[in-house]
Structures are given as structure tokens and as C-alpha cells.
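Listed below, chain by chain, are the residues.
Number of protein chains: 2
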Amino acid sequence: MKDNQIPKATAKRLPLYYRYLRLLNDAGKKKVSSTELSEAVQVDSATIRRDFSYFGELGKRGYGYDVKDLMHFFAKTLNDDQMTNVALVGVGNLGSALLKYKFHQSNSIRVSAAFDVNPEIVGRIVDGIPVYPMSDMKEQISIQQIDIAILTVPAERSQDVVNDLVAAGIKGILNFTPTRITAPADVLVQNVDLTTELQTLIYFLHSGGIIPEEN
Amino acid sequence: MKDNQIPKATAKRLPLYYRYLRLLNDAGKKKVSSTELSEAVQVDSATIRRDFSYFGELGKRGYGYDVKDLMHFFAKTLNDDQMTNVALVGVGNLGSALLKYKFHQSNSIRVSAAFDVNPEIVGRIVDGIPVYPMSDMKEQISIQQIDIAILTVPAERSQDVVNDLVAAGIKGILNFTPTRITAPADVLVQNVDLTTELQTLIYFLHSGGIIPEEN
Numbered sequence: 001m002k003d004n005q006i007p008k009a010t011a012k013r014l015p016l017y018y019r020y021l022r023l024l025n026d027a028g029k030k031k032v033s034s035t036e037l038s039e040a041v042q043v044d045s046a047t048i049r050r051d052f053s054y055f056g057e058l059g060k061r062g063y064g065y066d067v068k069d070l071m072h073f074f075a076k077t078l079n080d081d082q083m084t085n086v087a088l089v090g091v092g093n094l095g096s097a098l099l100k101y102k103f104h105q106s107n108s109i110r111v112s113a114a115f116d117v118n119p120e121i122v123g124r125i126v127d128g129i130p131v132y133p134m135s136d137m138k139e140q141i142s143i144q145q146i147d148i149a150i151l152t153v154p155a156e157r158s159q160d161v162v163n164d165l166v167a168a169g170i171k172g173i174l175n176f177t178p179t180r181i182t183a184p185a186d187v188l189v190q191n192v193d194l195t196t197e198l199q200t201l202i203y204f205l206h207s208g209g210i211i212p213e214e215n
Numbered sequence: 001m002k003d004n005q006i007p008k009a010t011a012k013r014l015p016l017y018y019r020y021l022r023l024l025n026d027a028g029k030k031k032v033s034s035t036e037l038s039e040a041v042q043v044d045s046a047t048i049r050r051d052f053s054y055f056g057e058l059g060k061r062g063y064g065y066d067v068k069d070l071m072h073f074f075a076k077t078l079n080d081d082q083m084t085n086v087a088l089v090g091v092g093n094l095g096s097a098l099l100k101y102k103f104h105q106s107n108s109i110r111v112s113a114a115f116d117v118n119p120e121i122v123g124r125i126v127d128g129i130p131v132y133p134m135s136d137m138k139e140q141i142s143i144q145q146i147d148i149a150i151l152t153v154p155a156e157r158s159q160d161v162v163n164d165l166v167a168a169g170i171k172g173i174l175n176f177t178p179t180r181i182t183a184p185a186d187v188l189v190q191n192v193d194l195t196t197e198l199q200t201l202i203y204f205l206h207s208g209g210i211i212p213e214e215n
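Residue numbers (the UniProt record's numbering), protein chains in the order written: chain Z, 1 to 215; chain G, 1 to 215.
Among the hints, a few may not be true.
Copies of the same chain look alike in the list, so a pair counts if it fits in one copy or across any two.
Derived DSS-like pairs: lysine-lysine, alpha-carbon spacing no greater than 30 Å straight-line [as the list claims (entries may be wrong)]:
#1 68 / 102
#2 8 / 76
#3 31 / 12
#4 12 / 29
#5 102 / 76
#6 100 / 12
Simulated from the structure, these hints should not be mistaken for laboratory data.
Keep in mind that this is a model prediction, so the values were computed, not measured.
Put together the whole structure using the sequences plus the hints.
Written as C-alpha cells, this is what we have:
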């Protein structure tokens, strides 16, 4: 098990494998071949084998994978057997949409608090999630044992809010702002930049190519 | 110039480089060193040099980069000198938020049409963008010369809508649904899965690691 060194692209495919294994398991399927898995998740077999190789022996050659075993393995690897509380900061257009987003009905991810500066939004309950004022952020993050924050504030506010989140003990930030925020080394930042996603697609479209699988 | 073979992770960093070069140029800066660029975009220098090497000589060793030259190079590479019309299909919570999303005030990306099945939404103008019924999709995509579609429909509708988009002549799809949609080889699909982004962050958090830069 070399958990700490797996490539990011592999890590991003693990939730995909896990989701399909859950679907197969719900459908009562016991075994899955690497070809079937490859077609379902649309990742080539060689990439799947390489991804799985980071975790040692997950199946027998020519036999396929045991659906339940592999599903449990990924559940544990992805910490889907533990609840993760998440906060969202910035209840604007995108923030509101994310509060209503179902995150695939995951049973292990719960957005439990939102924060905003706007007095017209503070105090509301959006899709079951209370919106607190920014002044309550530190206290609520501590009380609710929240490790992860989704950042959907305006770009010019992002670094100040990150500093406050770090001071409040947040360990991971999913950054939807276009700013490249800075945080201490022990706070993980995952950037989701919607403009970049669109520009990358346009780039590949005009370079006449295919979109390569990430390594 | 090996446009067709650059890795996806490199392609995803090009918009980031381009954005900072525009900021530097707006600020009247003429030269930027690879160290300054590295700190600004938070990508290590070795990765930046490797990314740039796919495009031949972009700067002189020990001299840094000419801001304007490099900015123009990336503008051309990213087709930011041409207008790209984009459609959005599925004006639900996320779709509405994306219609209002500014895509960094890009001058070259214009979301010019939205489509939905809901008669209460069809006919409205959301943030300047008209919402058409699905039955007008093929016609509008053709008239407006739209190449790219943002897909924010419910998961169970996604493949049918993709089939209609392909029939209408769409060349690239930014897929926000959790479904792994299938499309002909000449139609590019870029998946943005918000649950996967969050699960990847949780994975790296619990594996006690750092998030590696993508290669």
C-alpha cells in the first residue's frame, strides 16, 4: 500500500471506480472483468490496471474482480465509511447551487454549515443547511468538527477568508475562486476552475486532437 | 510545435499561465522570471519549464520571459483571439448559477443560448441569455454556430441530450453530470465531477499526504 505516493490523476479516478462498483453491487453483480469495468467508466484497461497496482493485488488475472471486496476496499480507501463534515463559504449564485447539489447522495459527505456576509442571507436555511454570519465561522467549524471548506466567495475576498479558515482549523479547501490561494503546507487546496475547464476543452477542440487520459 | 500531443495536465495549466500574463501585462510589466511566474501561479519551476518545452523556445535562459510575447503566444494557442459560442443545457440550480458565472470576464467565450424542458423557465432571459425549449436546440445551435455545450441536465437525461447535441453538430461537451456519457470519437467530452473533486480532497486529507501536481 503506497497511499501517499499515488498520482493525483489516479486519486481522481478512485471515486469513479467506487461509484460503479456500488452500482454493480446494488444490481446484485458478483464479479466484474477489467474489460467490463473499462467500458463502464470509460478508462482504458491499461490505466485501470496501473491505478489498481498502486494498491497491490486487487484481483486475480483472468478471473476478474470480486465486486463486493473491491467496493469495500475503495470505501475504506476513500474514507466513505466515515462521515466528513463540510462547510461552504460564500452563498452567492454558485454557492447556493452547491448547497442544493446532492454530491451523488453520498452518505459520508455532509455540508453542515454555510457562511456569508450578506445580512439578507444570514439566518436562512438553504436546503436544510443553516447560513451563519462570518463572525461565527471559527466557533461553528470547531463545534461541528468541520475539516473541509468549499470556497465560493468573490475572488478579491478569497485570501482573507482562507486565512480565517486556516485559523479556524480547516484542513482542506475546495477552491472554486479563480485565485491561486496560499495556505500552510498542512492545509490541502484543490482548485476547481470552471473557466479553465472550458478553455482546456476549447484548446483541445482547436488543436484538432483528442483529450488524453490523465496519467 | 506539438500541439496534438501535449498532456492534459499541461493543457489545463495553459489558461492559468495566460491569465497571469494578462495581469502582468495590464500592470505594465515587461519581463517575468520563471521564479516569479512559479510563485504567482503556484506551479513549480521544473513543471513550468517542461510545460513550455512542448511549444519550443519561449524564453531565453537567465533572461526570463517577455510578458507581451508570451501573452500573445498563449492567446493564440488558447484561441482567445476568436469568439467561441457556448450553449448550456439544463437550467436547474447549477445551470442557473453557471449562466450567471462570469468565466473570468473572458472576451472570447460567450454563452449565447440555454435550453430547458421546464415551461416555466423557457422563454426567460437569465443574465442576458435566452432560454429556449429543447425542441429549438438543433436549429439554434446551427444558427448561432455553437460548437460547445455545457451539460447540466439530470443524470438520467444526460445520454439522450448528448445524442441530440451530437446530432445538432456540437463538437465539445463540458459534462457536469455524474454520468460517464458516450459520444463519437470526434466529439470531445470534458468531465467536471464536483463529488469526485471533494472525494479526492478527502482522500488526500486522510492519506496524510500532499496533493501532488498533475504531470
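Violated hints - listed by number, lowest first:
none
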